[in-house]
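Asker: With chain A held as given, fit chains B and C onto it using these hints.
What follows is each chain in one-letter form.
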Amino acid sequence: MTDVTITVNGEERTASVPPETTLLKMLREDLNLTGAKVGCDVGDCGACTVLVDGIAVNACLMLAGQAEGKKIETIEGLSTLEEYHPIQKAFEEVAALQCGFCGPGMIMSTKALIDQGEELTKQEIKDALSGNLCRCTGYTKIIEGVIDAYEEITGKKVPEVNPRAA
Amino acid sequence: MADDVKVKEKEVTLESLRKADDDLRLPAVPERTLFPKEIGVAAAREQTPAVGQRATRPDGRLHGLGQTKYIDDMFFPGMLHAKIKRAGISHARIKSIDVSEAEKMPGVMATVIGKEIPVNSFGPSYQDQPLLADDIVRHAGDGVAAVAAVTEQQALDALEKIKVEYEELTPVYDPLEAMKDDAVKIHNNESNVYSSKTIKKGDVEKGFEDSDHIFEATFTTQMVEHVPMEPHASIAEWDANGRVTIHTSLGRITLGRADISRTLELPINRIRIIATVVGGNFGGKNEITTEPILALLSKKTGRPVKSVYTREDEFISSTTRHPFVMEYKTGMSKEGKIMARKVRLVCDGGAYCSWSETTLGKACILSAGPYNIDNLHVDAYAVYTNKTMTGAMRGFGAPQVCFAYESHMDDMAKALGIEPVELRLRNTFHEGSASPTGQVLEAVVVRDSLEMATERFGWQEWQK
Amino acid sequence: MKPFDFVQPTTTDAALAALAEHSPNVRILCGGTDYVVELKHVAQSPGVVVDVSRLEDLKGIELTDAGLRIGAGVTHSQIMADKMIAEHAPAMIDAAHTVGAVQTRNLGTLGGNLVTCVPSMDSGPTLLALDAQVTILGPKGTRQIDLAEFFVGVRKTALEPDELLLEVIIPSENLGKPAGFIKFGLRKGQALALVNAASAFRIEDGTFKDVRIALGAVAPVVMRAVKAEAVLEGQAFSQELISEAATVAVSEAKPIDDFRASKEYRNSLIEVGTRRTLEAALQLANG
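Protein chains in written order, with the working numbering: chain A, 1 to 166; chain B, 1 to 464; chain C, 1 to 287.
Same shape as in the complex, but just chain A (with noise of 0.2 Å):
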């Protein structure tokens, strides 16, 4: 057993685990932040995505002691009680989610993407979600809910593109 310390959503945390734990299985069974999902486990389905020092990563793919020091966000740190965060108010509004299950990953990437500051077209958010599956919608919602957040937190709007081009 090793004992890795990680700062997750802001606080110090610390968990004796097994070398072979992945990120994922430490913040859900030994931390308690069930947000981050197993859906698959190999990286594919981005159920699992976290911030590691502001970069969206799969969890499942990273090995706890990797994390070592590292500044970790999930989903559970978003919003505080006092403020809803935009990107999960936008979600909600739009009724981006179904079941539910690919939300943390999908907003944890939405808000790596919102925070690089760049100028995005609708491909390019597109593009950026493309490691995060989604059964039930469709990711016709989840796009409007993205551009929605996007707009409320940068201010800029997302150039209208053709429905049938993209």
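You may find that some hints are simply not true.
[Claimed, not checked] Straight-line alpha carbon distances no greater than 25 Å define the calculated BS3-like cross-link-like pairs of lysine-lysine that follow:
{"hint": "1", "chain 1": "B", "residue 1": "115", "chain 2": "B", "residue 2": "163"}
{"hint": "2", "chain 1": "A", "residue 1": "126", "chain 2": "C", "residue 2": "188"}
{"hint": "3", "chain 1": "B", "residue 1": "300", "chain 2": "B", "residue 2": "163"}
{"hint": "4", "chain 1": "C", "residue 1": "2", "chain 2": "B", "residue 2": "104"}
{"hint": "5", "chain 1": "B", "residue 1": "342", "chain 2": "B", "residue 2": "180"}
{"hint": "6", "chain 1": "C", "residue 1": "188", "chain 2": "A", "residue 2": "141"}
{"hint": "7", "chain 1": "A", "residue 1": "89", "chain 2": "A", "residue 2": "122"}
{"hint": "8", "chain 1": "C", "residue 1": "2", "chain 2": "B", "residue 2": "163"}
{"hint": "9", "chain 1": "B", "residue 1": "362", "chain 2": "B", "residue 2": "200"}
{"hint": "10", "chain 1": "C", "residue 1": "59", "chain 2": "A", "residue 2": "71"}
{"hint": "11", "chain 1": "C", "residue 1": "156", "chain 2": "C", "residue 2": "40"}
{"hint": "12", "chain 1": "A", "residue 1": "141", "chain 2": "B", "residue 2": "69"}
{"hint": "13", "chain 1": "B", "residue 1": "185", "chain 2": "B", "residue 2": "95"}
{"hint": "14", "chain 1": "B", "residue 1": "161", "chain 2": "B", "residue 2": "115"}
{"hint": "15", "chain 1": "B", "residue 1": "197", "chain 2": "B", "residue 2": "362"}
{"hint": "16", "chain 1": "B", "residue 1": "19", "chain 2": "B", "residue 2": "6"}
{"hint": "17", "chain 1": "A", "residue 1": "156", "chain 2": "A", "residue 2": "89"}
{"hint": "18", "chain 1": "B", "residue 1": "414", "chain 2": "B", "residue 2": "342"}
{"hint": "19", "chain 1": "C", "residue 1": "2", "chain 2": "B", "residue 2": "161"}
{"hint": "20", "chain 1": "C", "residue 1": "40", "chain 2": "B", "residue 2": "163"}
{"hint": "21", "chain 1": "B", "residue 1": "201", "chain 2": "B", "residue 2": "362"}
{"hint": "22", "chain 1": "A", "residue 1": "89", "chain 2": "B", "residue 2": "69"}
{"hint": "23", "chain 1": "C", "residue 1": "40", "chain 2": "B", "residue 2": "161"}
{"hint": "24", "chain 1": "B", "residue 1": "329", "chain 2": "B", "residue 2": "201"}
{"hint": "25", "chain 1": "B", "residue 1": "104", "chain 2": "C", "residue 2": "40"}
{"hint": "26", "chain 1": "A", "residue 1": "70", "chain 2": "C", "residue 2": "40"}
{"hint": "27", "chain 1": "A", "residue 1": "141", "chain 2": "A", "residue 2": "122"}
{"hint": "28", "chain 1": "A", "residue 1": "70", "chain 2": "C", "residue 2": "59"}
{"hint": "29", "chain 1": "B", "residue 1": "19", "chain 2": "B", "residue 2": "8"}
{"hint": "30", "chain 1": "A", "residue 1": "122", "chain 2": "C", "residue 2": "188"}
{"hint": "31", "chain 1": "B", "residue 1": "342", "chain 2": "B", "residue 2": "206"}
{"hint": "32", "chain 1": "B", "residue 1": "115", "chain 2": "B", "residue 2": "95"}
{"hint": "33", "chain 1": "B", "residue 1": "334", "chain 2": "B", "residue 2": "206"}
[Said to hold, decoys possible] Negatives, chain A to chain C, calculated, CB over 10 Å:
{"hint": "34", "residue": "11"}
{"hint": "35", "residue": "32"}
{"hint": "36", "residue": "71"}
{"hint": "37", "residue": "80"}
{"hint": "38", "residue": "84"}
{"hint": "39", "residue": "135"}
{"hint": "40", "residue": "137"}
No wet-lab data here; the hints were simulated from the structure. These numbers were taken from a predicted model, which means no experiment stands behind them. For glycine and all other residues, C-beta sits at the position ideal for the given N, C-alpha and C.
Answerer: Then chains B and C, alone, in the frame of chain A:
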């Protein structure tokens, strides 16, 4: 005088009591109203105030916050993890199963094999599926043994130590091959065809004689897996009153209770199923998978037992969409009117029946398409093969036949030189048309939708 | 996963020492996008896993006298964002863009892609077409070999068990060389290559010079289509020659039939891929 009043009051009271008494002797059911009677039905396509309103989903907020608890997010004190050993061979007789080495592995608390299950068969139509194969393995994803251990890795390690001796049997994978008389029989029946349906309407042979053109084509569709984002998961535990509580991703609670009651020989009122928010079902979570096995493991260990399918389990051991082989023969008049249609559907029914009967029925009725066909003959068969079970999936047989009859329509339109939408408009159902099974249709909007859709999609512009 | 010991050295010397100390039951881990998946499926524990993802010597992208140096631990996302690569070898960015999805590119490294050495690797063809070299670090110091020599077979490289891949170098004479890359997959993202291809050449005095055509996923290792190159090398430029080279490339490759694509389809993709990458390089050559 006061006495008179009292006597009067007493009489009134006695009278009302007598009436109350008589009322009790009235029939307990109201008088019967005989049919036909007026039933108030809203006019077809009458809009209700709800249509066009934006509705936010009540669960959307918690989903977005990551607060929704799915089965795998639930942890109970002392909970064990269960894993199932998959056969890995498509058709075999089990000669022996030895779990003794597995039971000695660190962390292993209990094992279960098929022979320990009181009634080792279940299924929504035919109870032909074992919870754990104890005699014959019929597809590579068939479970043969289960282990409950303190950690998932310990359970997986223990699976490796389970020794199963197989006598390989010849597998059959192609449903057309499996239909043959000399094919290997997967369920020891006379035939691998386990369900068949027929629709006969009018006289197809005469219809073909009257046709100017006959078109024949065969269409096939492939096996598809639902891939719900959340894998199948369940947790079983018992209480002091001998009742089992199962938290599960299963979508059909009553059916599940009935199956668990049957397989465990437990009265149904001792079975409580809590179906939680599910991470996608699409038909794949419509029947039990590991629930009775977990109940047995939990009973043996006295602890809650959880099982979560891996993504591989989802592909090889959970139900899939039926592949179909669809043979169409359609007789057309030169004006593009369907005179007769003959269809043969062969539904690849996988290793076990699951929802194949229902799928076959739907496919059979819908195989003619939304078209007026006076002379119709459909023969449909569900056939066992040594592949993953085929069960309910969004559409239940409709998507497969729709692919066939619409592709067929396009092919015929091209051959006849008639515009594809026009060919359909000449044949679609209209108000009062009869379905293949004789149901008189009301509120028929096929023509309207087709015309509206072609306009909205820019069909005419796209043709240029 | 089977249990293993985890070591996180902070210097390359410590990493080499760990390799030596725990040999032969020791494996290297960096981004983990291939190796952690493998760890989840192996029957035996690897023994000791050495995490090299924090070694400074494996990071960074610099212009040196030898050429453009890219650390083995540089991620695909870092490659996509790098201005020097955009200027001197933009086809590498096209290749990096096709790897998996954002999350994979944020963790996965160039070195990992090369060392895992599967025929369909996305970074191989472009680097081969640019005559890249690799620097290998061992207990006795560094050695430099051509990338073509580095690829030995399926999942087999020229690395000895006690060695580490340090960096990839694109020789200075090939910086800015016109090159194109293409990948064909069943999807635009999260797809293994059915066929990938890269071409590079210069046009000097109206003739093809220093032609390189590299194909991936059509042989045990990423390969050079040398016969196709010979069709063009030293010849006067013509559009017909490009088409001819594309056809010849098909004859040199040995694609397989599998559930993703048939041999016939792969052959047609080789022809299209060769032609399109040659044309992409041509566009750059013509300015």
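Asker: For the pair supplied as a hint, residue 329 (chain B) and residue 201 (chain B), confirm whether the alpha-carbon distance does not exceed 25 Å.
Answerer: holds, 15 Å
Asker: Is residue 59 (chain C) close enough to residue 71 (chain A), meaning Cα to Cα at most 25 Å?
Answerer: holds, 20 Å
Asker: Verify the proposed pairing of residue 362 (chain B) with residue 200 (chain B), using a straight-line Cα cut of 25 Å.
Answerer: Answer holds: residue 362 (chain B) to residue 200 (chain B) is near 15 Å, not above 25 Å.
Asker: Under the criterion that the straight-line Cα-Cα distance not exceed 25 Å, is the pair residue 334 (chain B), residue 206 (chain B) satisfied?
Answerer: Given pair residue 334 (chain B), residue 206 (chain B) holds - Cα atoms ~16 Å apart, limit 25 Å.
Asker: Should the label of residue 135 (chain A) as a non-interface residue stand, given a Cβ cut-off of 10 Å to chain C?
Answerer: At roughly 14 Å from the nearest Cβ of chain C, residue 135 (chain A) sits farther out than 10 Å, so the non-interface label holds.
Asker: With a cut-off of 25 Å on the C-alpha distance, tell me whether residue 104 (chain B) and residue 40 (chain C) pass.
Answerer: holds, 24 Å
Asker: Going straight from one Cα to the other, do residue 161 (chain B) and residue 115 (chain B) come out at no more than 25 Å?
Answerer: With a Cα-Cα distance of about 19 Å, the restraint between residue 161 (chain B) and residue 115 (chain B) holds, given a limit of 25 Å.
Asker: Straight-line Cα separation of residue 89 (chain A) and residue 122 (chain A) no greater than 25 Å?
Answerer: The given pair, whose Cα atoms are some 19 Å apart, holds under the 25 Å limit.
Asker: When you check the alpha-carbon spacing of residue 122 (chain A) and residue 188 (chain C), does it fall within 25 Å?
Answerer: holds, 16 Å
Asker: Over 10 Å to the closest beta carbon of chain C is the bar; see if residue 137 (chain A) clears it.
Answerer: Fine: 18 Å to the nearest Cβ keeps residue 137 (chain A) off the interface.
Asker: Between the alpha carbons of residue 89 (chain A) and residue 69 (chain B), is the straight-line distance 25 Å or under?
Answerer: holds, 20 Å
Asker: Decide if the proposed pair is consistent with the structure: residue 300 (chain B) and residue 163 (chain B), CA atoms, cutoff 25 Å inclusive.
Answerer: Distance of about 21 Å is within 25 Å: holds.
Comparing the model with each earlier hint shows no violations; every hint is respected.
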